[in-house]
Amino acid sequence: MRKNCLLLRIGELALKGKNKRDFEHQLMDNIKNKCKNMTGISVLKTEGRIFVEFDDQDLLDPVIEELKTVFGLVGFAPALRVPSDVEMLEETALELVRQQVPEVKTFKVASKRVDKRFPVRSQELNHRLGGYLLQHYPGLKVDVHQPDLIVHVEIRGKHSYVYGNDIPGIGGLPVGSSGRVLLLLSGGIDSPVAGYLALKRGVELQAIHFHSYPYTSERAKQKVLDLAKQLTTYGNHIRIHVVPFTEIQTEINKHCFESYSITVMRRIMLRIAERIAQSQNALALVTGESLGQVASQTLESMNTINEVTHMPILRPVIGMDKHDIMEISRRIGTYETSILPYEDCCTVFLPKAPKTKPDLHVAKKQEAKLDLERLIDEAVIGTEVIEISNEKEREFSYF
Amino acid sequence: MIYLDNSATTRAHDGVIDVVQDVMRNVIGNPSSLHGLGGQAERLVTQAREVIARFVGCDTQEVLFTSGGTEANNLAIKGIAKAYQNRGNHIITSSIEHPSVFEVCKQLENEGWKVSYLPVDQTGRVRAQDVEKEITKDTVLVSIMHVNNEVGSIQPIHEIGQLLKRYHKIFFHVDAVQSFSKIPLSVTECGVDLMSVSGHKFHGPNGIGFLYKRRGVMLDPLLTGGGQEFGFRSGTHDVASIAGLARAIVQAEKERKAFLMRSRTWKEMLIDRFRQDLSHFTLNGSLSACSAPYILSISFPGLKAEVLVHALAKRDCYVSSKSACSSKLEMPSRILKAMKKTDQEALGSIRISMGFDTTEQDISMFAETLIDVVPQLQHVMKVYTK
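Top line first, the protein sequences correspond to chains A and B.
Letter by letter, the first sequence follows residues 1 to 399 in our numbering.
Letter by letter, the second sequence follows residues 1001 to 1386 in our numbering.
Source of the hints: derived by calculation from the structure; they are not laboratory data.
Careful, some of the hints might be misleading.
When the alpha-carbon atoms are kept at most 25 Å apart in a straight line, the in silico DSS-like pairs for lysine-lysine are as follows [to be verified]:
(1) Lys1169(B) x Lys36(A)
(2) Lys45(A) x Lys200(A)
(3) Lys1114(B) x Lys1169(B)
(4) Lys1169(B) x Lys1106(B)
(5) Lys1165(B) x Lys392(A)
(6) Lys1169(B) x Lys1254(B)
(7) Lys45(A) x Lys158(A)
(8) Lys105(A) x Lys1165(B)
(9) Lys200(A) x Lys158(A)
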């Protein structure tokens, strides 16, 4: 008769016209996927509202924890579904308040009569429920402007929902609703954050990493896999392409001006990324570039480097200060991994004085000294594909 | 054999032994080495740390592995004292702490620190309001144990933690060696900044433990060197023991609830039997919810605890007099004295402590043995018998 559920608010999705249905289904699929290890959970849509229902009250907190990492949710509220009956509503509202006293000192009742056949009108119901609550908790006060607790009551036909304050969600669009992209994942602080922000706009994420063993260690690769794993909290499943980059780096080091090595390297990376993206039907590349942060991220550098591809390059952190990026990275849990001190492909052959305003013609001339086609082909062919799921699988089964 | 000295140490669980053995055989790298074998060992340490952090309810960076409870207590107290000496020079602790807290405080007193040792009531409990009374503007640290090792009294950690939340500059350390994995303690709810844990008290390996250190709390390390454990505790990781520790925690979580229920019944059963068939004894601590059900301390005034321990050992029953570390000195227990017990009571007290592997048969056979042994000794020692 009574059922525990969570009522979801989807905000921005409501604006999306005819696509709304697709978005909603994607969102529901994502939530189901998140909760697939919990039993007795169902995600359903009735009367324009999406609900997560569950039998076991103990599941409330774990479900909330999961929902806090689902993009596309503006908020959600633990609710109780009861038959539409005034006495039942009184009792349920009282229970809601009981759980929240003593933190709550003021409240108001906000009833919504979606089903107009219900005999009591909203205003009247507000008064009636409010009176009932005051009777049982004389210490409480009604505050219609800034109450600690809003007791929401929604009359929807046979069933009504009673719920309290909203728990904020992380917003954004459901992952998988905006197409596929390929993230250049280095292992630093910025690129995981860029990946997170891309996911927030609903993309399906794949990642590419350039690995220069033995100049960069297995630890550096593990670090990138760990970062991708952390992103799966938001992105369900991430396919990561690990590109063997040793020969390209040594060739650049051998033949090109030291000051242009980064520019040439980035140009080659973009070419390889474009090839991989195309093979995966990804529609854009994503990088963690922030304007002016390092030599390769000046506008001049971006022009020279960007010239090799026509693919859109999304740079979600382009306008952010390092400080802001670090804050997000701490929040999403990638920071501690990102700062592990392993060499990556960008630091290992770091020139003493990289060009901050590289010239396109010089870059092209430098590149011409390399057997580009062969190097790129070999790198693409040698790429290792690793699938990272959001399962909490463990390497050791000792505990 | 009837082993009822589990507060001294426990028999390692078979699963723990298997894990330790397997790791020693197969995971040979040093977690600090860069190569693949080092990486594998590091991942194992990380995974163990995650398991432990989940049970504590904290982040992985808040778990610092140590060689056990004594080191964790030393690191917590000396670490805070050194790192925050500019804040003041006063520590509040209780008069019934384990020596690894008590003696550390004594040592700091020699270095110019002031220490308040809080009294306890007859059941061996500190009062939270006494903590507040002792707070001065120089107070840097409050260190109170969760469960007392000699009498099993549970300290009002939650209450103390709540009141300390009003004093932002005072750190709160809890020695949870006797309670961890048995009696839950939420470090966040209780406002605990530091918590000491030792593996061998809950069927884990010896020589391994950890200090929970809330993020943001600074410690001056006791051991410096390679910078392991986020710089707070250098020294090559004991990978096998760390894995064993995590395994023991997982095991304990499975057994904890049933164990607490069993031991509560047994503790009551023992007291009932003794009341029926023995005279001249007193219960130290209480039978209430403020006492750990798996620790029972009783005094036989007029008998020497040492003699009783030996007499029981002759019958293959193993219990403790005082805490294991200090059992060899014949001094009335500091803890029992703090509980206002007489010298006679304090000298004649034994501790019976149960583990996850204690059986009902152990308990009933122990009761029979004690009921047999005590009157004989009381007769010899001319303690009035009925």
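Would you list, in rising numerical order, the hints stated earlier that this structure does not obey? 1, 5, 6, 9
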